[in-house]
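*Asks:* Chain by chain, the residues:
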Amino acid sequence: MASVVSSVSTLVESGLRGPALARRRALALQLTAVAAFLALWSALAGVVVLLELFNPIFLPGPWLVVGALAELAVKGELWVHVAATLERVVIGFGTGAALGVTLGLGAGQLAPVRNVVEPLVELLRPIPPLAMLPLFIVWVGIGEPSKIGFITYATFFPIFLTTVTGVRQIDPVLLRAARSLGARGLGLFTRVILPAALPDILTGLRLGVALAFFVIVISEFIGAEHGLGYLINDGRNFFLVPQMLGAAVVLGLLGYAGNGLVRLLERRLLRWQHPA
Amino acid sequence: MTPAAGPKIQVQGVSKTFGAGPALAEVDLDVAARELVCILGPSGCGKSTLLNIVAGFLAPTTGTVRVDGRPVTGPAPERGVVFQEYALFPWLTVTGNVEFGPRLQARPAAERKRAVDRYLDLVGLRAHADKFPAQLSGGMKQRVAIARALANNPAVILMDEPFGALDAQTREVLQDELSRIQRVEHKTILFVTHSIREAVYLADRVVVMTSVPGRIRQVFPIKLPEIRDRFAPEFTQYEADITRVVKEEVAKVRE
Numbered sequence: 040m041a042s043v044v045s046s047v048s049t050l051v052e053s054g055l056r057g058p059a060l061a062r063r064r065a066l067a068l069q070l071t072a073v074a075a076f077l078a079l080w081s082a083l084a085g086v087v088v089l090l091e092l093f094n095p096i097f098l099p100g101p102w103l104v105v106g107a108l109a110e111l112a113v114k115g116e117l118w119v120h121v122a123a124t125l126e127r128v129v130i131g132f133g134t135g136a137a138l139g140v141t142l143g144l145g146a147g148q149l150a151p152v153r154n155v156v157e158p159l160v161e162l163l164r165p166i167p168p169l170a171m172l173p174l175f176i177v178w179v180g181i182g183e184p185s186k187i188g189f190i191t192y193a194t195f196f197p198i199f200l201t202t203v204t205g206v207r208q209i210d211p212v213l214l215r216a217a218r219s220l221g222a223r224g225l226g227l228f229t230r231v232i233l234p235a236a237l238p239d240i241l242t243g244l245r246l247g248v249a250l251a252f253f254v255i256v257i258s259e260f261i262g263a264e265h266g267l268g269y270l271i272n273d274g275r276n277f278f279l280v281p282q283m284l285g286a287a288v289v290l291g292l293l294g295y296a297g298n299g300l301v302r303l304l305e306r307r308l309l310r311w312q313h314p315a
Numbered sequence: 010m011t012p013a014a015g016p017k018i019q020v021q022g023v024s025k026t027f028g029a030g031p032a033l034a035e036v037d038l039d040v041a042a043r044e045l046v047c048i049l050g051p052s053g054c055g056k057s058t059l060l061n062i063v064a065g066f067l068a069p070t071t072g073t074v075r076v077d078g079r080p081v082t083g084p085a086p087e088r089g090v091v092f093q094e095y096a097l098f099p100w101l102t103v104t105g106n107v108e109f110g111p112r113l114q115a116r117p118a119a120e121r122k123r124a125v126d127r128y129l130d131l132v133g134l135r136a137h138a139d140k141f142p143a144q145l146s147g148g149m150k151q152r153v154a155i156a157r158a159l160a161n162n163p164a165v166i167l168m169d170e171p172f173g174a175l176d177a178q179t180r181e182v183l184q185d186e187l188s189r190i191q192r193v194e195h196k197t198i199l200f201v202t203h204s205i206r207e208a209v210y211l212a213d214r215v216v217v218m219t220s221v222p223g224r225i226r227q228v229f230p231i232k233l234p235e236i237r238d239r240f241a242p243e244f245t246q247y248e249a250d251i252t253r254v255v256k257e258e259v260a261k262v263r264e
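Just so you know, the sequences run in chain order A and B.
Sequential numbering of the first sequence, starting at 40, is according to the numbering used here.
Sequential numbering of the second sequence, starting at 10, is according to the numbering used here.
Derived from the structure by calculation, the hints contain no laboratory data.
Keep in mind that a hint or two might mislead.
As the list claims (entries may be wrong) - Only some residues are given here: those of chain B computed to face chain A with a beta carbon under 8 Å: (1) 57; (2) 84; (3) 100; (4) 113; (5) 144; (6) 181.
To be verified - So the derived label-pair ranges between C-beta atoms look like this: (7) B:135 x A:296: 56 to 62 Å; (8) A:223 x B:179: 30 to 36 Å; (9) A:223 x B:73: 19 to 25 Å.
Even glycine gets a Cβ: it sits at the ideal position worked out from N, Cα and C.
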């Protein structure tokens with residue numbers, strides 16, 4: 040349990056900006072909340088064991104979850120699953136982000152592109168991506184391409200939409216200023232349109248990362264031999280509840296870290312919004 | 010026509026009609042090299058429309074604008090613009106903003122640095138070179154915008170109510186600075202304002218426009234020394250004369 044708490048605390052810490060007093064107080068409160076949650080969970084699991092309320096296998100204490108994870112880690116299995124999931128997320132999200140940003144910039148800039156792409160996006164967007172998963176499997180098969188393609192599909196929408204918004208919301212006075220300083224074509228695009236739309240693009244990437252972890256689990260429930268989603272489903276088949284919870288915790292930490300990475304990128308690239 | 014002989018800016022028969030009706034009617038105006046001309050008029054008289062046409066942001070319905078004899082067809086670096094809203098690029102530092110134009114022209118780094126240093130010195134912001142616009146006051150932002158326009162070395166500078174968003178004190182400070190800069194740089198400047206005092210303080214000529222549709226009502230050459238005293242009797246006399254004409258135009262809008 041200690042290892043979980045310490046890894047959470049370092050993650051929480053890296054998500055903060057500085058050692059300001061208010062921040063330190065906030066950090067203390069956040070850590071207390073996590074500790075209280077773990078304590079409550081432990082207490083509940085203990086009560087179940089002591090009073091034999093129901094089969095304790097349904098609610099293993101946090102120590103059992105950590106134990107199951109440690110066992111998988113020592114056997115080397117855990118890393119295979121983590122790597123499988125991460126690989127799918129990185130490739131799927133990377134492709135979705137590349138497509139979403141490229142098409143979004145095009146649609147935001149050029150009315151003809153917008154008029155072609157936007158109606159199609161608006162048509163598909165209201166369909167929950169999960170509803171499309173069986174179709175992906177029917178079309179692409181049950182292997183890696185359908186899993187990766189599914190993430191690409193799901194992450195494309197928020198990234199595309201925020202990018203279009205970012206480009207279309209650029210202050211027209213800034214564009215006039217740039218043009219009267221001699222900017223046009225590619226120069227206008229790279230020096231003005233891209234940096235002006237960047238805050239919205241990064242918001243889209245953050246939404247995309249969250250969605251990628253959201254949808255990968257479900258596609259790993261179906262026909263996967265590796266991955267954290269597989270680990271959860273496998274745990275269900277064999278009643279290994281600590282393994283199910285453990286895989287879920289790892290997914291949570293990975294999602295948290297992914298979000299943290301994009302936030303780090305935001306702080307680097309958008310320093311001008313809140314300069315020190 | 011050689012550029013040296015003719016007017017720097019030549020507005021010929023320019024009119025502009027928006028959906029609702031005419032905004033500008035048959036405006037003719039020449040601005041000589043090194044001249045600062047202020048355009049003054051009641052709000053909605055089309056003075057900003059005229060400036061936007063000269064800048065190339067709007068196409069005139071009829072007529073032409075020429076700069077150095079060449080017709081204006083769109084925005085171009087020969088016509089620098091200073092906007093009321095500053096329009097600084099928020100993701101660039103003060104330096105980055107000032108060297109935006111020279112960078113686009115791929116000027117060598119040493120030359121860019123010279124330009125940045127010179128114009129930041131001129132507007133007194135050398136110490137703030139590495140700050141972002143978010144860290145600057147309105148007056149400082151407008152100084153950066155002026156430095157940015159100058160550093161691009163345009164043939165003419167167009168200023169659209171550049172001090173309109175500033176408080177009264179800052180406004181006068183920036184008028185002083187622009188007047189000082191103009192004594193050094195001798196740029197050709199077309200300056201839109203609704204402040205009569207500002208116009209008399211800065212201009213070589215004040216052009217008063219009529220109310221809608223905007224046309225030129227009267228041109229006042231300001232024969233005052235380069236360094237002006239806002240409280241001199243001659244200064245207040247110009248103010249009074251121009252105020253009388255402007256008031257008639259404002260009254261027409263009310264009728």
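*Asks:* Any CB of chain A closer than 8 Å to the CB of residue 144 of chain B?
*Replies:* At about 5 Å, which falls below the 8 Å cut-off, the nearest Cβ of chain A leaves the hint on residue 144 of chain B intact, so it holds.
*Asks:* Hint validation: residue 100 of chain B versus chain A, beta carbon distance must be below 8 Å. Holds or violated?
*Replies:* Constraint on residue 100 of chain B satisfied, holds at 4 Å.
*Asks:* With a cut-off of 8 Å on the beta carbons, see whether residue 57 of chain B makes it to chain A.
*Replies:* With Cβ-Cβ at 12 Å, over 8 Å, it is violated.
*Asks:* Would you check whether residue 84 of chain B satisfies its interface hint, that is, whether its CB is within less than 8 Å of any CB in chain A?
*Replies:* Holds - the Cβ of residue 84 of chain B comes within 8 Å of chain A, reaching about 4 Å at its closest.
*Asks:* Do residue 223 of chain A and residue 73 of chain B keep their Cβ atoms within the hinted range of 19 to 25 Å?
*Replies:* Cβ of residue 223 of chain A to Cβ of residue 73 of chain B: about 22 Å, so the range 19 to 25 Å holds.
*Asks:* Could you check if residue 181 of chain B really has its C-beta closer than 8 Å to a C-beta on chain A?
*Replies:* The hint is violated - residue 181 of chain B has no Cβ within 8 Å of chain A, the shortest such distance being about 25 Å.
*Asks:* Quick check on the hint: residue 113 of chain B CB to chain A CB, less than 8 Å?
*Replies:* Since chain A brings a Cβ to about 5 Å from residue 113 of chain B, closer than 8 Å, the hint holds.
*Asks:* Can the suggested window of 30 to 36 Å be confirmed for the beta-carbon pair residue 223 of chain A and residue 179 of chain B?
*Replies:* holds, 34 Å
*Asks:* Quick check on a hinted range of 56 to 62 Å for residue 135 of chain B and residue 296 of chain A, using CB atoms only.
*Replies:* Violated: the Cβ-Cβ distance is about 43 Å, outside 56 to 62 Å.
Consistency with the previously given hints fails for numbers 1, 6, 7, ordered from lowest to highest.
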